[in-house]
Amino acid sequence: MSLMRILIVEDDSEAAQYMAKAFREAGHVADHVGNGLDGYARARDETYDVLIVDRMLPKLDGLALIGSLRAQNVQTPVLILSALGQVDDRVKGLRSGGDDYLAKPYAFSELLARVEVLARRNRPGLGEDTLYRVNGLELDRLAHKLTRDGKDIPLQPREFRLLEYLMKHAGQVVTRTMLLENVWDYHFDPQTNVIDVHISRLRAKIDKGFEPPLLHTIRGAGYMIRDGTR
Amino acid sequence: MMALGKLFRTTAFKISLAYLAISAIGAGLVLGMIGWNMKHVIEEQISQTIETNITGLSEQYAQGGIRRLVNIIQRRTRRPGAGLYLVTTPAGEPIAGNIVSLPPDILAKPGLVEMAYQPPGDMGGKHRALVRIFVLDGGFRLLVGHDLEEGERLRGILGDALLTSLVWLVVIGTLGGLWVARRVLNRVDAINANARAIVAGDLSGRLRLAGTGDELDRLVQNFNAMLERISILMAGLKEVSDNIAHDLKTPLTRMRGRVEQALRSAKSPEDYRGALEKALEESDRLIQIFDALLSIARAEAGAGREGMSDFDAGSVVRDVGELYEPVAEEHGVALSVFAGTGLTLHGSRELVGQALANLTDNALKYGAPDQAPPQMAAGSVELSVRRSEGMIEFIVADHGPGISESDRPRVLERFVRLEGARSRPGSGLGLSLAAAVARLHNGSLRMEDNGPGLRVIIRLPATPVRLETEAPLVLPKPDKAA
Numbered sequence: 001m002s003l004m005r006i007l008i009v010e011d012d013s014e015a016a017q018y019m020a021k022a023f024r025e026a027g028h029v030a031d032h033v034g035n036g037l038d039g040y041a042r043a044r045d046e047t048y049d050v051l052i053v054d055r056m057l058p059k060l061d062g063l064a065l066i067g068s069l070r071a072q073n074v075q076t077p078v079l080i081l082s083a084l085g086q087v088d089d090r091v092k093g094l095r096s097g098g099d100d101y102l103a104k105p106y107a108f109s110e111l112l113a114r115v116e117v118l119a120r121r122n123r124p125g126l127g128e129d130t131l132y133r134v135n136g137l138e139l140d141r142l143a144h145k146l147t148r149d150g151k152d153i154p155l156q157p158r159e160f161r162l163l164e165y166l167m168k169h170a171g172q173v174v175t176r177t178m179l180l181e182n183v184w185d186y187h188f189d190p191q192t193n194v195i196d197v198h199i200s201r202l203r204a205k206i207d208k209g210f211e212p213p214l215l216h217t218i219r220g221a222g223y224m225i226r227d228g229t230r
Numbered sequence: 001m002m003a004l005g006k007l008f009r010t011t012a013f014k015i016s017l018a019y020l021a022i023s024a025i026g027a028g029l030v031l032g033m034i035g036w037n038m039k040h041v042i043e044e045q046i047s048q049t050i051e052t053n054i055t056g057l058s059e060q061y062a063q064g065g066i067r068r069l070v071n072i073i074q075r076r077t078r079r080p081g082a083g084l085y086l087v088t089t090p091a092g093e094p095i096a097g098n099i100v101s102l103p104p105d106i107l108a109k110p111g112l113v114e115m116a117y118q119p120p121g122d123m124g125g126k127h128r129a130l131v132r133i134f135v136l137d138g139g140f141r142l143l144v145g146h147d148l149e150e151g152e153r154l155r156g157i158l159g160d161a162l163l164t165s166l167v168w169l170v171v172i173g174t175l176g177g178l179w180v181a182r183r184v185l186n187r188v189d190a191i192n193a194n195a196r197a198i199v200a201g202d203l204s205g206r207l208r209l210a211g212t213g214d215e216l217d218r219l220v221q222n223f224n225a226m227l228e229r230i231s232i233l234m235a236g237l238k239e240v241s242d243n244i245a246h247d248l249k250t251p252l253t254r255m256r257g258r259v260e261q262a263l264r265s266a267k268s269p270e271d272y273r274g275a276l277e278k279a280l281e282e283s284d285r286l287i288q289i290f291d292a293l294l295s296i297a298r299a300e301a302g303a304g305r306e307g308m309s310d311f312d313a314g315s316v317v318r319d320v321g322e323l324y325e326p327v328a329e330e331h332g333v334a335l336s337v338f339a340g341t342g343l344t345l346h347g348s349r350e351l352v353g354q355a356l357a358n359l360t361d362n363a364l365k366y367g368a369p370d371q372a373p374p375q376m377a378a379g380s381v382e383l384s385v386r387r388s389e390g391m392i393e394f395i396v397a398d399h400g401p402g403i404s405e406s407d408r409p410r411v412l413e414r415f416v417r418l419e420g421a422r423s424r425p426g427s428g429l430g431l432s433l434a435a436a437v438a439r440l441h442n443g444s445l446r447m448e449d450n451g452p453g454l455r456v457i458i459r460l461p462a463t464p465v466r467l468e469t470e471a472p473l474v475l476p477k478p479d480k481a482a
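Chains A and B, in that order, are what the protein sequence lines are. Yeah, the first sequence ends on 230 if you go by the numbering used here, and it's all consecutive. Yeah, the second sequence ends on 482 if you go by the numbering used here, and it's all consecutive.
Treat each hint with caution, since some may be false.
What the hints assert, rightly or not - The calculated DSS-like cross-link candidates involving lysine-lysine, where the alpha carbons are at most 25 Å apart (straight line), are:
hint : chain 1 : residue 1 : chain 2 : residue 2
1    : B       : K109      : B       : K126
2    : B       : K278      : A       : K21
3    : A       : K205      : A       : K145
4    : A       : K104      : B       : K278
5    : B       : K249      : A       : K104
6    : A       : K104      : A       : K59
As the list claims (entries may be wrong) - Listed next, with one range per pair, are the computed distances between beta-carbon atoms:
hint : chain 1 : residue 1 : chain 2 : residue 2 : range
7    : B       : D271      : A       : L3        : 32 to 40 Å
8    : B       : A334      : A       : G27       : 46 to 54 Å
9    : A       : K208      : B       : A266      : 34 to 42 Å
10   : A       : K208      : B       : E405      : 43 to 51 Å
11   : A       : G27       : B       : E260      : 31 to 39 Å
Bear in mind the hints are in silico, worked out from the structure with no lab data behind them. Source: prediction; values computed, not measured. Beta carbons are placed, not taken as given, at the ideal position from N, Cα and C, and that holds for glycine.
If we strip away everything but chain A, and leave its shape as in the complex, we get (with noise of 0.2 Å):
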């Protein structure tokens, strides 16, 4: 993933300054502000790839920000961050033009994983393409066909979409929760491991039998689709 431009308004400087070091170790730019009315200014007036908006700031509250932001015509990916993480409140921070809503607390590769389809996803000519190559694995969206190395592999259509959530993100972490509110739309943890063995019976059908192996487990992170010649 290239490098990333990301914004911090968040009120706990000391989990804000984790969170920047962390991203600054993962190879990215990420600039703190405390509170509503600075994070506003900006993500107004400067450019960033992603903003981390806290929900609950001084000042100005992170719905709000966000509300001013788009009245801006300001369309820079906001990442919600909140303590309250129940369906409904999700549903009020995607209503109000937030682009993703991740529960406190939160483990930092979920975060990032997050903040980089996000940042991604802003930048043209990138993931609505109708086919999806990596390595010999072809992915037809229209026609719903699946090739490896020109032999057809056939897919039940959830797989079909998991696989395609996967390799829209091709090289980037996709995580159990991220791939649960895609392909499922549900927001609820599981608890068992089911993601996995939906993922492990995908790659019994992707990579069984071929060269190189592209459905990667990141451990304590989640799944990548990588062409592993790399």
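Given the structure of chain A, go ahead and fit chain B onto it with the hints provided.
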């Protein structure tokens, strides 16, 4: 004085007072009617007597002339208690009779006339009388009358009786009202004191019943029912906080111990890394428990109702079935899904999905072959949804060991895990959440014997079919799975 003031302000006393006023008016009306009727009847009777007398006397006059008339009148007036008589010359000179003086002009008035006169024996006061003047042939005037004193006296007695009875009515009514008010007030005061004592002290106390079965007793019964409900809620709260203390503190203690141990004895960076990873795992588990508890609490408080919408119950069942199908296969369990179409439900698709996921997860965990007695045909879980009497029923059934009837209510409580389940991963919150979600949707969750195994049924009210005039037609969301 305070006590008396309180007595006067009681509802019982005010009601007594109102009754008193109504009965006083009633008594006055009845006695007044009797008096008026009596007067009427007496006057009628008198005028008839006078009429008869005049007819008789004028006949006597026609037969025997003035001498005979005077004789008869003189004879009659000598008897005691007689009527009033007077015969005068055409000029008005009295000839015979028992009237001493006459008001002027009375002889000229025709018909029945009421007049004041002085009776011969009684020099004290004037009496009133009803008289009639009759002009005889030859110009003589005949006056026949009757004293009204008797009637007046009767009416006086009646009036006195009315007054006396009114006074008694007021006295007895007021005292009676006070007595009734005091009785009621005493009981209400007792209930109040009782209630205050219970609220201030031991909530397990109950109000005493008087045993009369009256409205106050019914009130007390309802108060007691309320107290009962409060105690149950308090017990629930205490249990929850005890459980939270236990189930959150256990992983916290473990985590703390691990960190402490690492700080004390870890030698290599690998040791530290291992300890930190374990600590992270524990904290993730804690977060999970926290989230589940919050979801339950919010569902029970009715939060999230505003986010509800119409959705297809069948597609949620298919989603969950499809989500867990690979897991079932891994457990060696056949998961079958029976879900029709057109079962529309108003609610939270997310929460219903989560409830079903929890139940399916349990069924796969505890309905797996290694959990069943060897002779039973285990290894199949059915997930279905159907319409039943205006309700939509979600059913998750397994063929595992099941849950004995006595344990069923208990497993719905938070953190309750039965023996044999403790060794397996889980928080004991899955069923609690499913039950809370059912209640949030005005539905219910019940468990049945699946002979063998467990069948959990969530019954939710189906969305009533709406007419287009009542609400805009809601187009179903396109099913993304298709």
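Structure-based check of each hint:
no. : hint                             : result
1   : K109(B) with K126(B)             : holds (20 Å)
2   : K278(B) with K21(A)              : holds (23 Å)
3   : K205(A) with K145(A)             : holds (13 Å)
4   : K104(A) with K278(B)             : holds (20 Å)
5   : K249(B) with K104(A)             : holds (20 Å)
6   : K104(A) with K59(A)              : holds (21 Å)
7   : D271(B) with L3(A): 32 to 40 Å   : holds (35 Å)
8   : A334(B) with G27(A): 46 to 54 Å  : holds (48 Å)
9   : K208(A) with A266(B): 34 to 42 Å : holds (41 Å)
10  : K208(A) with E405(B): 43 to 51 Å : holds (48 Å)
11  : G27(A) with E260(B): 31 to 39 Å  : holds (35 Å)
Comparing the model with each numbered hint stated earlier shows that all of them hold.
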